[in-house]
Every structure is written in C-alpha cells, then in structure tokens.
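Participant: Those sequence lines, one after another, are chains H and Z. Per our numbering, residue 948 is the first one in the first sequence, and the count goes up by one each step. Per our numbering, residue 170 is the first one in the second sequence, and the count goes up by one each step.
Simulated from the structure, these hints should not be mistaken for laboratory data. The beta-carbon is built from N, C-alpha and C at its ideal position, and this holds for glycine as well. There may be inaccurate statements among the hints.
[To be verified] The calculated lysine-lysine pairs, modelled on BS3-like cross-linking and capped at a C-alpha distance of 30 Å, are:
| no. | chain 1 | residue 1 | chain 2 | residue 2 |
| --- | --- | --- | --- | --- |
| 1 | Z | 318 | H | 1283 |
| 2 | H | 1212 | Z | 316 |
| 3 | Z | 316 | H | 1283 |
| 4 | H | 1307 | Z | 358 |
[What the hints assert, rightly or not] One-sided and incomplete, this derived list gives chain H residues near chain Z with beta-carbon spacing under 7 Å:
| no. | residue |
| --- | --- |
| 5 | 956 |
| 6 | 1247 |
| 7 | 1248 |
| 8 | 1267 |
| 9 | 1285 |
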Amino acid sequence: MNIEMRDIYKAFATNIVLKQVSFSLKSGEICALLGENGAGKSTLMNILGGVLPAESGEILLDGNPVIFHKPAESLSAGIAFIHQELNLINDLPVYENMFLGREIKKKNGLLNAEVMIRETRELFERMNLDIDPKVMVRELDASYKQIVEISRALMTNASVIIMDEPTSSLTDPEIERVFEMMRSLKKAGVGIVFISHKLKEVKTICDRFTILRDGNMVAEGAVADVTTDDLARFMVGHDIRTSALQRERKTAHEVLKVDGLTDDKNFRDISFTVRAGEVLGITGLLGDGRSELFQSIIGAGTSYSGQVYFEGKPVEIHNTTQAVDSAIGYLPRNRKENGIIKDMDILENGSIVSWPKFSKFGFINRSQQLNEFEKQVKDLHIKRERNNDPITSLSGGNQQKVVLAKWLAINPKLLILDNPTQGVDVGAKEEIYDIILNLADTGVAVIVLSSEAQEIIRVCDRALVMYHGALQGEVTGERMNEHDIMRLATGGTLN
Amino acid sequence: MEKAETKKNIFTNIRGYWMTHPLFSTGLALVVMIFLQTLALGFQFDSFGQWFSTWGQNWINILRNNAGIGIISLGMTLVIVSGGIDLAVGSTLVAVGAAIMVLIDTGPNGILRNLGITGLPAYLIAIVIGIIFGLILGELAGLLVTKGKLPPFIATLGTMKIFRSVTQHFMQGYTPVVPANFLNISSFKIGGQLLMPIIYWVILAAVFFVISTRTTFGRQVIAVGSNERAAKLSGINVAAIKRRVYVIMGVLVSLAAIVQVARIGSMDYANAGSGYEMDAISAVIVGGTSMSGGRGTIIGTVFGTLIIAVMNNLLNLLGVPPFLREAFKGIIVIGAVLLQKKENNS
C-alpha cells in the first residue's frame, strides 16, 4: 500500500506544530522520519494513525483520499502504530496479547485458546521467530517484547507499520534482532516508518528519509546519498544560528565534583566538575539519563554508587530538604508536572522553597516572604497583576520565572536548570539566558541541562554530551557546535 | 438591548465572584440551611424572647452534638488536603477512650488508683497518656503510608480493623467507672448550659485555621497534596509532612475521645465512633475540600460540618423518618461535589 500525506497542517491553540508537511511511503520501503524533539514527528504520525485530527491537508491511500477519526479506523485500513511505550500486558501470555481486543471465541463464548495459540505459532514460524506463544510477556526480553508488538501489528494484516523509536530501550544484539524482522517484513511488501534519533541505525536499515524541523519538512531523499553528518545538519538546521552569549569571567573554586556516579539503569560512570562562576551545559537526546542523574544528585532520584563532593567536601544528599540546606537549587523539566503547584497562588509558588528560611516557630514571616518575592519580581521582570492570582494565569515564560524566583530566594551556590526554556516564548527565552549569565557573574555555579544544542552553544562555557547514560564527550570553544554535539549525542565520537 | 447587557454583566459578576471565592457556595448553602431550619422551627411562640431562647437552645444542642465530629473533621481536612485519607478515626477514638477510662477507673482495676494516684493528677496523667497514645496510633498509620508506601486507604482500613478489634477484646466484660469530677471536662455548666465541647471545638478550629494558613507546615501540606513531585523538588520533606498529618489526626481524635468520655462517662466499644470516619469525610467534602488533595480550607470544613448538622436538625424538626436521614446526607455530599465540580470546570 502506498501512503501519501499532503500539506498537513496542525496547530495546538496558537502553537503551530506542522506547517504544510508532506510525507510519502511506498510498500516494501523503510522510511526514516527524523527531527529534534518537538519537530513534529509524533504529531504527523499521530495524524496518520488516527490519534489526532489534522486541521487541513489530505491523506491518500493508494490514491484514494481517507480521513481517520480514531485509531481503529486507521488500523482497519492497514496502518499499525507501534508506540514508544509498549502496549503489551505483562501478565497475559504472548498469544493473548497477540489477540487483545479481537480474541477468537468458541461458540459458547469462552476463549478459544487452541486456535489463538496455533495462529500465533504459525505467524512466528513464518517470521522465523523462536518464541513460545504460551510464555508470559513479563518473561520476555525487551527486544522480544518489541517483536511481539510488531507481530501483533502483522496479525491485523497491517501493510504499513509506524515504529516510534523502537530501539530506544534495546541493546545492540536486540536491535539487530528487530532489524532482521524489519528486513523480512520489507521483503513481504510491508512499508515501515522508522522514527529514531539514532542516525547510524537509520543508515543501516532505512531506504529513504524525511526530516522535520519546527514543523516544516526540511529535507527528504535516499539514505544512500547522504552521510549521518548530513542528516545531523538537516536536523538542527544552520540557518537559525544566533549570536553566542558567553561572557569572559573568572571561575573560582570547585563547587560540585562527581566521581564515578552509577545507578542501576539511568546513568553510569559519570565524572565531572563545575566551578563557581561557570555555566556548564549537559545535553543529549531522549533517554540519555541527564535528568535522572541530577535528580539523584539532589536526593530526589535513584540511589547510586560513586562520590559527590560539594564545596570540596564529600557529601551524600538523601533528600531535597538537605539539598536546599546546602544551597543547591534544581529547576526541574516539565514545569507543569514538576515545577508549579497549581492550587497555590503566584506568591506562594515563588516562595515555597524559602518558607523554612523565613519562618519563626513554624510561622511564615509574611512580610519577609513578600519583600523577597517582590525583589525577584523586579529582578526577573515577572509580569503579573496580583500576587494572589493563580499561577496558571501567567504565561509560560512568567511561570518559569516564578519557579526560578523560588530558587533565587535561597541564594543558591549551585543552580541546576533542567530544560529552563521549555515551553516559553522567544522573548522570555532570551531573558532567561540573561538571568543565567548574570547569576554566573555573581559567582553561582550554573548547570544547564538542555536537549536544544542551540541553547547550550549560546549560554554555556563548555558542555558535556551524554548518550545512553554515559558521558560521550565534552565540547568547548570551536568544537561546541551543533554538528559535533549531534555526533556525540547520536553515539558517535569526535576525531 | 442595553438592559440585557447590564443584566448579563451582573450575572457574570456574581458568577465571577462565585468562581474566585471557593467558600461562597458553601457559605450560601449554610445560610439557606439555617433559613430553612429557622422556618421549620416555626414562630408559634408567645413572645420573641421565648422564640429566641428556643432557637438558641436548639443551636446549642446542634453545636454540642457535633463538636466531636467537628474536631475530628479539622484533622481530616489536613489529611485529605495532603492527598490522604484516614478511615481509622472511629477506632482510634474507641482505643484512646478505653485507655483513658482504664487509667482513671475508680473501680478495683483502675491503673492509676492502684498506683495511689487519684483526683486531678490522675486526670492530667490520663489525658497526657491518652494524647500520646493517639499520637502513636496516628504515627503508625503515617509510617505505613510513608515507609511502607501503602495507599492511605488501605493502611488506615487495616488500622481501623485492628484498633477496634483489639480494644473490644481487652475490654470484654470490663466496665470502668469514670470519676464524677472527670466528667466536668465536658459537663461543666456555664450559665446552666453544657458549653464545654463547643468551646473546645471553637478553640481548635481557630488553632487549625492559623496552622493551615500561616505556618510553613500548613502551606507545605497543600503543596504536597497538590503536586507531590513539585513539592519534593522544592525541598519539602514529603514523607515527614505526611507523617505529621496522621500524627495530628491521632492527637485530635484523642482530644475528641476525652471530650466524649467526659460527656457520657462510658463507652460502647463495639459502636462508639463507628461511622465517624465517613461523617468527618462528608463534612470535609461538603466544605469544598478536594478528595484528590491540594485544595481545601478549615473554614470550609467548619461550614461543611454545620451544613450536615443543621440539615439533620431540619429533618428532625420536619419529622422525616430516621431511616431516611442518611439518604439526605448522601444527597448533600453528592450535590456539594457536583456543584464544586462545575465551579472548577469553568
């Protein structure tokens, strides 16, 4: 089946996610859909999969226009969508998962296990898979789970399969197993959309590529004609380069030093230092483990082995209260889930961290609280009408500044900012960069975690790039460019 | 045309006020209830004075009868705002009540009496031990929720069963005698009226109002209930806050137990306090507190307690059959939440 999506346009409220994007896929073809986080890949595929409606544009299947209102319609047209998070039920055997929602029943209404097991086994044999249909999904490897999910898509006679980062949680041999299956599907005439950040894999398995950036289709072509560097360049786009903001400043003593930090699953063998007055960037792609690493450091994540030194002394931070007492601030990613407390007003959201500091016998000193907040409002140019308005009444940028204000109120020595400009508009973004640089000027050690290479390049003095939980490399000066960062972030090395 | 516009403006203004003042509808409901209750009481009296004293007496009865639930509801507000629930309050009340009675018993088994301690020192010791006992029982639930990572519903469902069953077992065939002076805690008359329970309720409500609005702890409870993750990442020790909430609940139940023992002078271990958990939760919910945590006020809970209390009184005055009264309680709870839901959606 050939798919053509023409001039797809999609906006969430005022935020335009896809601007007249076109995409096509022929049968027996594996097409890579690439782009940075937020480029619009998932939205485009959700439209094809019937999860989201497009505002305008059309979808043609073998030349016939179709409109999908819900996932079931897309599925019955032969398009299967395998989401990044697997949709398997761990506590059911493989064969029941294969027939979930379309179970084969006997005349008396009971499940016909025999037929389901037989059909599953037949399919696995056709695909040369060695999986027992009766085994519980829980007992399978991640790669086999992925394979079961793909097989389930085949069972519905899918002729197009959309795979959203199918290899993000797999090891190399497991990835090879999935690739083998993709190759045999391709031979059978199935079209596959392969969404991935791993450019090496794209080179290995895909025939064609389509690259999205900021909701625009910026490049497409045959994978054989390009290098992974070309792909990386298309993904970040060079036409949007803006001035670097770094300032000359003297760095002082080491504020944070970590040595060989390793936890069970998110990060391993991480060592680095950051000095007072320095802005250190940490970047990488989805699943690189940087947020988990820093949440562990401030006592809000998994436990780890290795040693953390703060201001020269070995420390073990067990909880966030201790981190606050040591003057370590952490502005989390995903403001809505982790940053703001929607049942509290602007003032309270902007002062919550400093309550213990401003209280006597447990009573909050309200005038002190207000004075400090008003000072932050002035310093950070927070635009708000009344302090007791709900936090949600503010724009994203102002909300973020309020969250920042609560940390500045404790005069942090180390401030960790995780995706500090997520969901804020361009103007507020620049203001937040200024705030970061001013803080560094006053001798605060600042760590900026970001998935946007541009952001790192513009504000950080140097940057560490993570790949799958490990430090892949460090970039400074000339080497701190999107090209090299993307190379490291996709698992490559600098020569 | 212009007139319609103004009308609409007034309407939106009232609506706007309604939306921004969460206690508005609760307060309004209370006023309506009081109005209906006053009507139901009737005006067939010889004089205004006579009407007023009947009306006032009726109110004193309402407040006194609901002081226990009122006190427990204060703590329940904190628990629910923190995102939890405590089903064990009724059982804790019985356990603490039994402990106090065993201590002050003037019969042959009275613990303090056998130690040679009687009178005021005995009462003070019994009260202090009772409060500590309630504190420990609350801490137990708190530990199960934080260290044991049990859902609060399950943790307190468990402790609810344990506390009552163990109390009943140990108190089998044992009827302590509560000394008459101890009863003064609740039964001391002011101007010929039994006002003590009401006074305790008012004082505790004021204390909890201040705790919830002015203290670090009170505000942190709201933060934890509204967004636990964000609260944790803001340096709040979430586990400590949750534990303290259950401890405070336990202490308040102890105080309610003291008031109750001193009022009645005995306790039915099988039935005393049973249903208190649901009555307290109802009061809290009707008062505008969200079951999912993060939103709720002490004043709202006092209003909620009064709404249910006045409604009960109203049904009584109207002669509604006793079995039907719980149904009205159910209607009030459902209606209140439906109303609040509408407010929050717009």
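Participant: Look at each hint and say if it fits the structure.
Facilitator: Structure-based check of each hint:
{"no.": "1", "hint": "Z:318 / H:1283", "verdict": "holds (25 Å)"}
{"no.": "2", "hint": "H:1212 / Z:316", "verdict": "holds (23 Å)"}
{"no.": "3", "hint": "Z:316 / H:1283", "verdict": "holds (27 Å)"}
{"no.": "4", "hint": "H:1307 / Z:358", "verdict": "violated (38 Å)"}
{"no.": "5", "hint": "956", "verdict": "violated (30 Å)"}
{"no.": "6", "hint": "1247", "verdict": "holds (6 Å)"}
{"no.": "7", "hint": "1248", "verdict": "violated (10 Å)"}
{"no.": "8", "hint": "1267", "verdict": "holds (5 Å)"}
{"no.": "9", "hint": "1285", "verdict": "holds (5 Å)"}
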